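Asker: Please construct the entire structure, taking both the sequences and the accompanying hints into account.
Respectively, the protein sequence lines represent chains E and P.
Take 1 as the starting number for the first sequence in the numbering used here and just add one per residue.
Take 1 as the starting number for the second sequence in the numbering used here and just add one per residue.
Note that these hints are calculated values from the structure, not bench results.
There may be inaccurate statements among the hints.
Heads up, incomplete: computed chain E residues facing chain P, CB under 8 Å, no partners named [to be verified]:
| no. | residue |
| --- | --- |
| 1 | A89 |
| 2 | T135 |
| 3 | R139 |
| 4 | C151 |
| 5 | P181 |
| 6 | V343 |
Fair warning: this is a prediction, and the values are worked out from it, not measured in the lab.
Every residue, glycine too, gets a C-beta built ideally from N, C-alpha and C.
One letter stands for each residue in the lines below.
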Amino acid sequence: MLGSLFRNPLRRPPRQDAFDATLLGSVAIALPAPAGITIPAPCAAVLVDRGGRSRRLAAGSRIAVLEGETAWCVHPGPYTCDLVPFAGAPEIGLHVSFAVDASDPRATHQRFDLFLASEAGSVVDLAGFGALAQTALQRELAQGNLELPPCTTLEEWNTFRSGFNQLMYTRFGVTVDDCVPVDLGAAHDYPALLEARLAAQVVPVTAAVSAEPAAAMPAEAFVPACEDARALRRLFLELPCLMCAVRMAVLPADQVRFRQHQELLRRLDLVSLSVGTMPALELAAPGQPLAPEEQLRRARHSRRAAAALDEAWALLARMKVAGEGPLDVLFDEADRIVANLEVETGARRLTQVQDEVTA
Amino acid sequence: MTAPVFEASCRSILPDGSMLTITATRRPRAGRADVKCSVPGVPAQAERMQQVVRLARHTEPRYDSRDQVVLSADRAFDAATRDWELAAVLADRIVRGVFQAARPVVANGWSDAWHLGRIDGRALVNVPDGVLAGGPDALPHLGALTGQPDPVAATASARAWFPLHSGGDHDDLGWVDVSVRPLAGALDADDDAISVPDLDALRQGQVRAVLAGSRHFDGRGQGQWKTTVRFGETGFAGDSYGLALVMADRIARGREFMARGRVIATGTSSAWHAGKVETVDALAPKCALILREAGPGDRILLPKAWEGALPQGMREALRARGASLACVERIGII
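Answerer: Here it is in C-alpha cells:
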C-alpha cells in the first residue's frame, strides 16, 4: 500500500519545458530542478527521497540526485503577498513580506522541506502559497485563536503579530519579516465582487420543501483517488514530525501534566500507525472492489483528517508562544484535535457505515 | 470561559399555538453517532431533525468529535411543520457552547440551506415579542445572531449593538443592521440610496449624514451601494448609536476586521468625515449594562475619553468572559 503511495502515480508528470531560474524569487518560490544543473546563486536545493527524508545542497554545487530523489530549487526570497484575513471583508487585508530561511541548525527537520515533500505537487508558486497561508490564517481567526477585532489597538496588534509569525513558521517554515494592514479596495472591489457572485449564482431553490437541501449545492471537483492519496501522504509524512515537535514544545511541569502529555503522544502514535497501515481506497477486501460512493466517503474522511492535521500545526504554534498559563486550554484543544483525527482515520478504514438516528 | 453546559432547551411555537420544547443534552461520544434525535411517534421527523442539525454544523469553524448531542422534542407534530428547525439548531448550539443565549430562547424558522447558515422563512404569522423569528426580514442567517456578515448572499449585511438609553437597570442593548447592495448605475448624490424605513424623517437625516461622513472618510463606498438601515428597537435616545452604525456599515462593506461575537459600541462624532470618535454621557450606567450583557467573542468599543474613568476591574471582567474592550479615538486601521 505504502509503496503505491510513494510511487506517486497521481502526481503530474514533470514539466518538459526547461528549468527557468528567472522565475525564482519573483513568482515562484520553488521549482523542480533537473539533475545535474548547478544551483544558481541565492538559491538552495532541497532533495526529497521517497520516504520523505530531505537534505539540502548549498548554492554553487551541482545537483546530484540519488536513486528515488526529487530535487527542488528554492529561492529564499524575500517575497511579498497580500492576504485577506476575513472572507467577509475583502477590502481590508494584510501586506506580508516573508522569506524562506536558511536551514536552522537546531532542527532535525526543516519545516519548509517537509512542506515541499508532503504538500508541494511540483511548482510552488507565490500565488498558490499565499492562498494556503490565507486559509490557515482565516481558520485561526474564525476559531478565535488569533484575534484581529475592529479598531485593533497596538497592543492587540502585537499579540496578533507574534501569533501570526509563529503560525507561519510552524505551519510553513517561512519567517515573516513585515506585516502591515492595507486597504485592498482598489484590487478587491467589494461591489464588483458581489455583482459577480450574483451573476454566478444558480437559480435559487423555490420556497417549496426540497427533499435534499445538499443537492442544491454546486458540486465541486473532488476526485476521490487524488484527494485521498494527497491527504494520506500528508498524514504519513507529517504526523511523525508533528509528534516530535509536540514532544519538544511542552516541558511537563508536574506528574499530572506529564501523564497528559504522554497520553497525547501515545494517541498520536496510534493515529500515525493507523495511517501507515491504511487499507487501499478502492478495495473492500483483497480482490474485492469497493463501491464508488463508499470510496467517496473514505476520501472525505481522509480530507477531514488532513484538515485536523492543519489544526494541529496551528495548535503547535500556539503552544510555542503560550507561556505556562493557558496550557489547560491548549491540552483540551489537543484532545479535541486528536479525537477528530482518531474518528476520521477510524472511519476511513471502514468499508461501510451503519448510521442510525437512534445510535 | 464560561462553564460547560450539559443540557439546554429551546422552544418553538407550533401552528396550533402550543409550545414545543426541544431539549438537547451532551454526553461523551463513546463511538456513537454525533447527533441523535427523537420525536415521540414520528421517526421521520427525527431523521429530518438530525439532518438539519448536521447541515447547520457545517457553518461552524470548529469541529469537535468528542461529544454526542441528543435532541428530543416533548410532543409530536405533524410532518408538514418545519418551523421547529431553527429551535433544534439553536438547542444544539447552546448545549455545545457555540451560541450563548442570555435568556431562554423561543425560535421559529425553517430553511432549505442550513449548510450555508441561511434561514429562509417562518410559518408563524404574528410574531409575539421576544420570539426569535427567522426569515429575510428578521434573522436572515445564523451569523446575524452575532452580527457577522452573511457569507453567501449578494447582499452584504452586518449588525452592531448599542445601549438604547443611557444604561441603567431597565436599559437593554439594541442592534442596528446595515445591509448594502451594489448599485449598478452611477448616482450623483449618494445619500439618496440610503433608506431607513424604521425612523422618522429627522432621524433618517441624521443616519444619512453619519453614513455620508464616515464613507467620505473612507474614500470609498460613495455612490457604489444601495443601503438599508434597520433598527431592532426604534425607541432609543440620543445620538450615541453613531459609532455602532458606522461600525456596522464598515463591516457590511467589508472594510473592517471582524470580531467573533457582537460589536457593542457607544460613541458619537461631529466630524465623521475625519474619522474622529467623540465622547458621550452616562459612562457608569452604560459600562454596567455592557458588563452585564457582554458574551464570549464580543468586541466593545468606547470613546477614548472614557479610558481613564472606566470602572475598576472592567477590562479584567470582560477578558475573563472572552470579550475585549478598546477605547478608540479614530475609526479605521490602527
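Asker: Against the structure shown, which of the earlier numbered hints fail to hold, in ascending order?
Answerer: Per hint list: single violation, 2.
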